[in-house]
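Enquirer: Sequence:
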Amino acid sequence: VKKWVKDWKVSTEQVQELYRNMHEAYAATGDSANALQLLLELLGTYTKETASKARKDEFKYN
Numbered sequence: 003v004k005k006w007v008k009d010w011k012v013s014t015e016q017v018q019e020l021y022r023n024m025h026e027a028y029a030a031t032g033d034s035a036n037a038l039q040l041l042l043e044l045l046g047t048y049t050k051e052t053a054s055k056a057r058k059d060e061f062k063y064n
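Each residue of the sequence shown is one higher than the one before, counting from 3 in the working numbering.
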């Protein structure tokens, strides 16, 4: 997925939405390991300037 995102020049906001949706899909199927991995990937897309948005995702999924 990371390679595709890079190759396709997807915006950060689109990557965040993709990771958020993938996280939700994994969580809905009970695949907690992959759900956690996608949550970590999602949180890794944030910067110091956008950290407040990351906190919203962190609390939403914890």
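Treat the hints with care, as some may be off.
[Said to hold, decoys possible] Now the in silico label distances, taken between C-beta atoms and shown as ranges: (1) 30 to 50: 15 to 23 Å; (2) 57 to 9: 25 to 33 Å; (3) 45 to 8: 17 to 25 Å; (4) 16 to 50: 17 to 25 Å; (5) 13 to 54: 12 to 20 Å; (6) 42 to 16: 24 to 32 Å; (7) 58 to 13: 16 to 24 Å.
[What the hints assert, rightly or not] Only pairs whose alpha carbons sit at most 25 Å apart, straight line, appear in this in silico DMTMM-like list of lysine to aspartate or glutamate: (8) 5 to 59; (9) 58 to 9; (10) 58 to 15; (11) 4 to 15.
FYI, nobody ran anything at the bench for these hints, they're computed from the structure. Here a beta-carbon is modelled for each residue, glycine too, at the ideal position from N, C-alpha and C.
Enquirer: For each hint given before, does the structure comply? Return the numbers of the non-compliant ones in rising order.
Expert: 1, 6, 9
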